[in-house]
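Student: Kindly generate the complete structure, drawing on both the sequences and the hints.
These protein sequences, in sequence, are chains Y and R. In terms of our numbering, the first sequence opens at residue 1 and continues consecutively. In terms of our numbering, the second sequence opens at residue 1001 and continues consecutively.
The hints are simulated quantities; they were obtained by calculation from the structure and are not laboratory data. One thing to keep in mind: the hints can contain errors.
Stated by the list, open to error - Partial chain R-side listing against chain Y, Cβ under 10 angstroms, derived:
1. His1032
2. Ala1075
3. Val1227
4. Asp1247
5. Glu1253
6. Phe1293
7. Ser1325
8. Ser1332
9. Val1338
10. Ile1373
11. Thr1411
Cβ atoms here follow ideal geometry from the backbone N, Cα and C, with glycine treated the same way.
Residues per chain, in single letters:
2 protein chains.
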Amino acid sequence: MPEAPDLRLDELKDLAEQDDLHPFLQRVRHVHPSDLADVLSALEESTRVRVISELPLDVASSALAEMEAAEHPEAMLLAVGPEYAAELVEEMPTDDAADLVAELSPGQREAVLAEISDRADVERLLKYPEDSAGGLMTANVVKVREDATVGEAIEAIRQQSDEDESQLYQVYAVDAQGQLRGIVPVARLIVTSPARLVRDVMEQPVVQVQPEQDQEEVARLMARYNVAAVPVVDANGRLLGRITFDDVIDVVEAETTEDLLKFGGMEALDAPYLKVAFGRMVRKRAGWLAALFLGEMLTATAMAFFEEEIAKAVILALFVPLIISSGGNSGSQASTLVIRAMALGEVTLRDWWRVIRREFATGVVLGLVLGAIGFLRITLWHAVTGIYGEHYLLVAFTVFGSLIGVVTFGTMTGSLLPFILRRLGFDPASASAPFVATLVDVTGLVIYFSVASVILRGTLL
Amino acid sequence: MPEAPDLRLDELKDLAEQDDLHPFLQRVRHVHPSDLADVLSALEESTRVRVISELPLDVASSALAEMEAAEHPEAMLLAVGPEYAAELVEEMPTDDAADLVAELSPGQREAVLAEISDRADVERLLKYPEDSAGGLMTANVVKVREDATVGEAIEAIRQQSDEDESQLYQVYAVDAQGQLRGIVPVARLIVTSPARLVRDVMEQPVVQVQPEQDQEEVARLMARYNVAAVPVVDANGRLLGRITFDDVIDVVEAETTEDLLKFGGMEALDAPYLKVAFGRMVRKRAGWLAALFLGEMLTATAMAFFEEEIAKAVILALFVPLIISSGGNSGSQASTLVIRAMALGEVTLRDWWRVIRREFATGVVLGLVLGAIGFLRITLWHAVTGIYGEHYLLVAFTVFGSLIGVVTFGTMTGSLLPFILRRLGFDPASASAPFVATLVDVTGLVIYFSVASVILRGTLL
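Tutor: Printed below as a string of structure tokens:
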């Protein structure tokens, strides 16, 4: 078992770099393809080509299939020449083969596809968008006629399964037109008499998807119904392939990363943090930061509008960061909650009015809480230091009132924004903390100075 | 297949509320336990007790097992009385049974456990923390001796498997001491001659875990090695149970939610958004907001320190929100990146120095970019409106220089904070956007006014 994978992998890498590859080839038999993929991508180009050519075909093929897109397995494929590349691709499950071939240029793709026997299957998968069920599915399924016997189904597994049995969870029963009629868990075939008909032991699929469905929805269905594999059918119910849980786990992980990074106010990186080139990293981050900065410039305009008030009562400027950050914080809290509830399917577009009413009430209460703390801070601090002048009580009331307004407004904006983004067809996760804060800051200033001009008129202003 | 689950569920709920339950009981046979769980939790207490008592035992039991903790299945269990409750619990896989029983008071727990036959199994699971591998595992495994034949292994599946075959992916081979020796995928049993020995067809487990291991680590291993189930063994290698991918998907989802909400600056809710009571929701949110507010109060103190400068040059106050928000935004970007890279295992504690050097360089470049935009904004705006006075160029340089300092400082703080939190044993995801922004705001003000006092000395100040 992989106790300390990093150490083991370093050792393997050293072995792969020896002139005599035998010790490496001995060890590699007991290494999982995911680990081997890491070793391969850590090697120098020339060593890698040599290692891939020396590895048993099925081992090299599984390692390439397990590689992440960011490690560019297609480049490694090309380095070994089109014939051997085709042999490697042919060994892979069709979904991995299609993912890999999709990264090649049209000419390279043709050179590889020309050599493989399941070309039609791979080409069919290439038609679907990468983030659809079709892009995730493999055509490698075991299917039997529903009027076959259990014994015949077992024979079908022997003949049709061209992959590792550990990924074979179920057999699909189809009718004469190839339409999916039912599912038989592999374990049930074992415990049933071989003479029984598949039709009599099969069950209805709990979930089935069409190739156009979004991969996130597939992931949600599989998680909800605890199924290790789902069949993919076309509009006429004909069986096209299947998607297994391991593809879905990768999707969930990638989507989560994308959401979280959007949420932190940046574009998703397409590779592990330490592997992204510096210039690329800066570009990915500068875009959003600059956009937020341009938005935030409106605060300077808003402040200029109140320049006269600030000149009269400098004390007002002291609380500007406190007031606007409270709006931003309460807004980002609200948007996080709503974004996550949407992602989990707890809240849908039609719930917007319920959510907004609820957030309005929450915002008022939270504003009262922060306002009260602010009021106490100013009055108590003044009692000790006297720095807020003779009208400190009015200043305290200004801060109190502004906080109620700003926090309520922040909370409402934060909760409404994900709904608006989704309604317009954008990803609600773009309602990031920095984005909400930027939206709220300008209004926060306006609220603050407006409350101040009412309360302080005739005294400080 | 569940095309529009919401509509279907509403309809089922209506049926469950009829006096004549027959139509409901007819329909319910074709409903997935996860869907039935939703229907049950939407019912009134009294209707629910009646429905649970009328449902076939195995159907009611699976629905309760599928229910989320926040829906309080243990309360539903108690409502039907201890004898029937025990029957329901006995039908469940031991991991679900243990999760449910764990929620009962000691007295209630004893009443239920006294009635069930696999009490020992359930009690063993109750010993492990909920977030450990032991808390996720079920003791329901099919095991055979490694010196048994494939035919005997198939017989063992018939006899030992007391659950749905669709969740049975592999059979475990053990030696005389119960130590795990290998794994046989169920599909391999089918395609192998019954006379062969299990020892000769089994494979080494790619992953095995111990009950004390953290559930997040289990999830990461299963995702990496694409296994639908992992065996759990004790320190001596004895097989204790197994964890299946569906338990792990739930873990990943819950952990992601927790991370995201922390990240938005609040505690995780323990129930779906719309189901959390208003008072509870406010309390969950007020705590963090108030803490951030107290931290942010330091900005008022810092501003008071520079009150004289502001009085002399009110123009300085105009750019305060712009400057400090840039620090906060760049900081939250950096912390998001590092938190996510840590969660994915791309970055570990020992990488801190590499990350910090990288972030320092990134911060300087991002600061230059924002500074340049800020400089242009002020000079161009002044050319049009003339509002920034005769020293506008010095003001522009002040903003330029401050932005470089503030953005670099924000980026460094944001990237360092997750490392510090993890080193101190806290969750790095607590380095939320609002938390980072609060930390950065005070320093941002100090940087800004310090740069201003150097550049503007003798002119505006």
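Student: Next, verify each hint and record whether it holds.
Tutor: Consistency of the hints with the structure:
1. His1032: 5 angstroms, holds
2. Ala1075: Since the shortest Cβ distance to chain Y is 21 angstroms, the answer is violated.
3. Val1227: 8 angstroms, holds
4. Asp1247: Cβ of Asp1247 (chain R) sits 9 angstroms from chain Y, so the hint holds.
5. Glu1253: 7 angstroms, holds
6. Phe1293: Holds. Min distance 5 angstroms.
7. Ser1325: 5 angstroms, holds
8. Ser1332: 5 angstroms, holds
9. Val1338: Hint holds; Val1338 (chain R) Cβ to chain Y Cβ min 7 angstroms, cut 10 angstroms.
10. Ile1373: Because about 6 angstroms separates Ile1373 (chain R) from the closest Cβ in chain Y, which is inside the 10 angstroms limit, the hint holds.
11. Thr1411: 9 angstroms, holds
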